[in-house]
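As given, the protein sequences belong to chains A and B, one line each in that order. Just so you know, we're using my numbering here: the first sequence kicks off at 1 and counts up by one. Just so you know, we're using my numbering here: the second sequence kicks off at 1 and counts up by one.
Since the hints were derived computationally from the structure, they do not count as laboratory data. Built from N, CA and C at the ideal position, the CB exists for glycine as well. Watch out, some of these pointers could steer you wrong.
[As the list claims (entries may be wrong)] Okay, the calculated beta carbon distance ranges per label pair: (1) B/L120 with A/G456: 55 to 65 Å; (2) A/D295 with B/I84: 45 to 55 Å; (3) A/A322 with B/S145: 54 to 64 Å.
[As the list claims (entries may be wrong)] Here are a few chain A residues that face chain B, going by a calculated C-beta distance under 7 Å: (4) K147; (5) K378; (6) A396; (7) A398; (8) D400; (9) S427; (10) E449; (11) S451; (12) T452; (13) E467; (14) T473.
[Unchecked claim] Below are the PhoX-like pairs computed for lysine-lysine, each with C-alpha atoms no more than 25 Å apart in a straight line: (15) B/K109 with A/K463; (16) B/K107 with A/K264; (17) B/K77 with B/K13; (18) B/K158 with A/K299; (19) A/K225 with A/K205; (20) B/K65 with A/K279; (21) A/K125 with A/K104; (22) B/K107 with A/K463.
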Amino acid sequence: MKKKIVSAILCTAMAVTMMAGCGNNTSTNAAADKGAAAEDGAAADTAAEETPAADESADASSDEGSVLNIYCWNEEFKSRITDHYPDYTEVDATTGTIGDVTVKWNITPNDDNAYQNNLDATLLKQADAAADDKIDIFLVEADYALKYVDTEYTMAVSDLGITDDDLANQYQYTKDIVTDSNGVLKGVSWQGCPGVMFYSREAAKEILGTDDPAEVQTYVDTWDKFNQTAALAYAAGYQMTSSVNDTYRVYSNNVTSKWVEDGKINIDDNIMQWVEDSKELVDAGETGTHELWSDDWSKGFYPEGKVFCYFGPAWLVNFSMAADTEGSIGNQGGWGATEGPQGFFWGGTWICAAAGTDNASLVKDIMLQMTTNEDIMKEIVVDDDDFVNNKPVMEAMAEDTSYSSQILGGQNPLGIYCAGVENLDLSNLSAYDQGCNEEFQNAMKNYFEGSTDLDGALDLFYKAVVEKYPELTY
Amino acid sequence: MRKSKGKVVRYNKWGYIFLLPFILVYVVFQLIPLVNTIYNSFFENYMSGLTQIGPNFVGLENYKKLFSEGDIWVYAKNTMVLWIMCFIPQIILSLLLGAWFSDVRLKLKGARFFKTVIYLPNLIMASAFSMLFFTLFSDGGPINSLLMQIGFIDEPYKFLSNTGSARGLIALMNCLMWFGNTTILLMAGMMGIDTSLFEAAEVDGATSAQVFFRITLPLLRPILVYVVITSLIGGLQLFDVPQILTNGTGDPMRSTMTLIMFLNKHLYSKNYGMAGALSVILFIITGILSLIVFKVTGNDKRKG
């Protein structure tokens with residue numbers, strides 16, 4: 001009997017410790033929740049205390065929720081808001097305040113689709129979420145913008161009270177990307193990322209006998225000439241581009257039809273042109289098939305990599321091409337910029353308002369301040385080296401002779417950026433672009449490397465896309 | 001009589017109570033997902049962007065689609081080829097090492113040290129290991145420059161763009177990662193063999209090859225069967241190494257795409273229907289293969 005009691009006690013003790021072990025988490029969670037609740041409560045309290053006073057001065061904030069939730073994937077937008085948005089005060093790494101409203105940053109890294117998965121799950125619950133938990137603002141990138149823009153989860157900017165006149169100075173392509181299939185604009189961006197062709201000045205002198213941007217441009221202003229120049233480069237011991245994927249974006253930004261039409265996968269002529277041109281270049285040994293960002297791809301950042309040119313926006317040459325590393329071309333100011341065969345863009349972040357937001361007027365103000373206020377935009381250009389989404393500001397900067405880029409050997413590239421982006425037409429985007437572009441490049445790599453013929457590669461592409469988007473046919 | 005019987009029942013009760021934690025964990029984490037997967041495989045159920053399609057009951061449509069496209073056989077073949085390429089060298093290496101380490105006559109010095117060393121590759125994460133190999137064998141990587149410097153090749157060899165070398169690399173990595181584990185299992189089996197048998201063989205003047213094939217191998221059979229089955233199941237679930245080495249593409253031309261990588265492709269659109277159907281097929285294949293291996297080798301066990 002005694003034994004039984006002892007064993008029973010032992011069992012309970014074990015069970016209790018186990019529970020306690022597990023319970024620890026929940027209790028801390030609960031504590032954290034409580035803390036959060038207390039904070040909310042405190043915020044609400046202060047809001048309540050201040051309301052009488054505020055009521056008299058302005059009634060605008062009465063429709064405001066007390067928490068502004070922002071979903072994004074990195075610190076970029078947060079630092080822009082912190083540095084440039086009036087009345088924003090930072091509290092800690094993930095919270096801040098604007099007046100009475102607490103700003104909550106929900107930052108999920110982009111890797112492995114984690115940001116989109118998290119955003120999807122939260123957006124689907126948006127209707128049932130408590131007012132303070134609802135997403136108010138979320139950020140999107142061009143590749144998957146339409147996935148969100150083309151649903152009712154995103155608010156039209158006109159519903160926020162932002163008019164076309166407010167946005168008149170923005171580049172058209174930045175609007176194309178976040179315009180839904182009914183022609184309604186659903187997001188805004190503070191930046192533009194027009195891309196140009198960066199060429200190695202030393203290589204240009206050796207191959208073409210000149211490194212003057214205007215003269216180099218005459219050798220590359222159409223794809224035919226570009227490919228002829230590639231042969232010259234090869235003869236001089238250079239690869240034209242590091243990889244076929246360098247030029248992909250330039251072709252794919254200049255398509256005349258969508259990836260998907262009426263539920264059927266459609267390959268645009270310009271994309272097929274890329275395949276044809278690239279295959280010739282690869283077969284002639286004038287370019288490689290490396291993935292972007294791989295070590296092999298990056299070799300051309302250094303003179304011994306022997307690569308003639310890269311395609312990219314300002315941030316590529318400023319931040320990504322090893323300009324800080326001794327011995328790189330960028331470090332020696334050895335790059336030149338010119339428009340290249342066609343205009344394109346690469347990157348950029350758009351601000352979208354989530355439907356059901358309880359902070360509509362604050363969202364509107366953030367959008368307007370960050371994307372249309374010329375003073376703030378100028379500040380961003382000067383402080384952060386960003387290319388802002390405002391034509392007059394950028395054109396004025398392009399005229400400014402005092403602005404020049406060290407990496408580009410003292411050239412002011414802004415005029416070239418402006419020219420390239422002016423004619424960009426991105427009305428042919430579809431919600432499937434991210435998956436299609438990715439899979440197309442993956443599949444074509446097999447064709448370029450000779451593992452299969454063109455039909456085999458196309459079959460592989462169709463197969464891979466249908467796996468990703470089961471509703472499509474081919 | 002009655003009293004004692006009651007006591008037996010009471011003790012049985014404790015048996016069940018001690019089983020309870022396992023049963024609970026098994027039901028929650030294994031049985032319910034299993035049944036759920038089978039259930040899901042009969043539905044059309046996926047996300048298109050933010051729109052949920054289904055779930056609509058479609059019967060065996062998902063299975064039909066899988067088989068009519070025919071790709072599943074290609075991926076099943078890839079998986080088996082990769083497993084065989086990895087398992088044969090692995091089992092030979094492990095048997096050899098195991099025999100050496102457990103041989104009393106050899107008296108290897110530092111056996112414990114080497115046992116630790118051969119197990120080490122298994123401690124590295126598969127992803128880190130794949131990244132390492134990816135860098136080593138990339139077009140401009142150290143292996144290529146080495147081969148070019150000694151004049152073996154003139155142009156960089158694209159290891160990851162040729163079926164043979166890509167598969168070979170995957171097999172090599174898996175072999176490296178798992179041979180230590182297998183060696184330790186086999187060694188445990190070999191050390192369990194009665195040493196008097198070896199001594200008797202020695203007295204009878206048997207060569208070490210004879211000892212190995214006539215005594216060690218037959219007596220090792222139960223452990224060997226276990227090793228083959230676990231390795232086979234592990235091989236069917238091969239995913240991490242090829243996924244990371246080929247960036248999920250299964251290049252070249254999907255010749256390194258395994259069944260689980262194919263399954264993973266369906267999860268991009270949260271296609272639970274197709275993924276479920278594929279899982280069920282995989283479950284059946286695993287079951288059948290295990291049964292075959294067990295039957296083939298298990299019968300001999302009774303004889304031995």
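| Checking against the hints above, which ones are violated? | 1, 2, 3, 5, 6, 7, 8, 9, 14, 15, 16, 17, 20, 22
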